[in-house]
Amino acid sequence: MTPESDTGLGSEVPLPPRVPLQAVLFDMDGTLVDTERLWWEAVEQVAGRPLTEAERPEVFGRAVEHTARWLGAATGTAADPVAERLHQAFAERVREGVVPRPGALELLDALVRDGVPTALVTASPRAVADLVLDTLGRDRFAVCVTADDTGRTKPAPDPYLAACRALGADPGACVAVEDSPTGVGSAEAAGCAVLAVPSLAPIGAAPGRVVRDSLAGVTVADLRSLLPTELRVLSWNLWLGGSPVDEHRAKQLKAITESGADVVGLQETGGTAAEELAEALGWHHHRAGENLGILSRRPIIARFGDPDVGFYGAAGARIALGPDRAADVWTVHLPAWPYGPYLRAFDGLPEDGILAREGERLTMMRDTLRRIAEVRRESVPVVLVGDFNCPSHLDGSGIAWPVTLAAEEAGLRDSYRQAHPDPVAEPGRTWSPVHPRHMDGGGRPEPHDRIDFVLHDGRGLRVVDARTVVTGTPRPWPDVCGNDWPSDHAAVLTTFAVTDAAGR
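Here the sequence shown is numbered in the working numbering, starting from 1 and rising by one per residue.
Any given hint might turn out to be false.
What the hints assert, rightly or not - Okay, the calculated beta carbon distance ranges per label pair:
no.: 1; residue 1: 34; residue 2: 418; range: 54 to 60 Å
no.: 2; residue 1: 440; residue 2: 472; range: 24 to 30 Å
no.: 3; residue 1: 151; residue 2: 396; range: 38 to 44 Å
no.: 4; residue 1: 418; residue 2: 472; range: 55 to 61 Å
no.: 5; residue 1: 213; residue 2: 377; range: 20 to 26 Å
no.: 6; residue 1: 74; residue 2: 115; range: 44 to 50 Å
no.: 7; residue 1: 52; residue 2: 105; range: 31 to 37 Å
no.: 8; residue 1: 377; residue 2: 95; range: 24 to 30 Å
no.: 9; residue 1: 72; residue 2: 106; range: 37 to 43 Å
None of these hints come from the bench; they were simulated from the model. Just so it is clear, CB atoms sit at the ideal spot from N, CA and C, and this is done for glycine as well.
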């Protein structure tokens, strides 16, 4: 169970592409407009005294209500009237005119030209944000989230999460631009990359965070560079190499290319599919036995498992992701019989009777997990894909399917269920796009279940998206030879952000 070859973690390999930038989320006070001084003056006016440097954490990056409670506690005054006076004092200063920060308008306009949506995310109330929007131009922002719009404001992640929901964006594919430690904490807690441009309080660099002195000269490319690189992993059962479908190799190539996959774990390769597909794509590959294969556009630096594995079993490869970065990707094909959904739908077996027949699959999964553990490196994340030939315990069937439970107990996470937690709204069925009726010709509806998976161990990879893949509208069995989709399974495609071990 030792690697066939291992040349390190790809020290000479360039990084893969970055996660596409979905949106940029801007703080307002001190970031886009020079209002921090105005807010400081307003607080001093209401306090009736000069403020000290030690009091900055109670003033900057905080909601009005927080500063009002702090002032009220110091003076024995109720917070509500203090908050009202702060609102009035600050609004009066804003109306007199705010000045955009250097580079702010130029960056906003560049994002508009590039078609990147933007949001204003501020701890100020709506009334103040409206005044600032009139200065900056409302058409520069698709969304505005203020202190009035969420139950908690900064430093909680709620404002940034609300902005992402409104934009339909994944926080991990967004960059937040902030000027205060409180705002940075809010954005990072939401899962955003951060460009910090400190206005008054210092901010240190950190993973997933870049600090600049000014927005002047910041480009859209600079913002894109803050996002993590991505890895797209496809699991696909080729259906006896694709042989039931005419021109299956060309159709397989088309499907892989259009998916944008970087790594493909194959089952039922028909012996030569992995090497033929890799040669046509100009990719690297690992062939194991007559049934399993791994394709990778990134270099393969180690191969794992029995090279003569049978029709069922597992194989793995270590994929270079960039300088000193790699991932172990395994493909597994578990026995098809006895098939639990048939036992339930056609034979009426109760749960205990079904689970009693899962032993062979469970044994092979445990053997696969053992093999994975034997070559696992602390710094290398693990992805396990494959045709499990059984449903998941996460899919609401009422059955504790032991194969997926064993994987979960070993620390593997189901990427599709991470992206789509509701199995009713997003069942993610992969069996079968060509079998609306059972193959025995009796006309019984075929049980449709999610039996193909992309699992990962959560170390250095974060799920950005997961979906099933079928091209065209496959005709049902047996009239399948002309189908565009050359398989009897849907494939599963997961897009990962390549992060550090803490998920940043």
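Each hint, compared with the structure:
1. 34 / 418: 54 to 60 Å: violated, 41 Å
2. 440 / 472: 24 to 30 Å: holds, 26 Å
3. 151 / 396: 38 to 44 Å: violated, 30 Å
4. 418 / 472: 55 to 61 Å: With a Cβ separation near 28 Å, residue 418 and residue 472 fall outside 55 to 61 Å, so the hint is violated.
5. 213 / 377: 20 to 26 Å: The hinted range 20 to 26 Å is violated for residue 213 and residue 377, with Cβ atoms some 39 Å apart.
6. 74 / 115: 44 to 50 Å: Hint holds: Cβ distance 48 Å, inside 44 to 50 Å.
7. 52 / 105: 31 to 37 Å: holds, 34 Å
8. 377 / 95: 24 to 30 Å: The hinted range 24 to 30 Å is violated for residue 377 and residue 95, with Cβ atoms some 60 Å apart.
9. 72 / 106: 37 to 43 Å: holds, 41 Å
In this structure, the hints that do not hold are numbers 1, 3, 4, 5, 8, in rising order.
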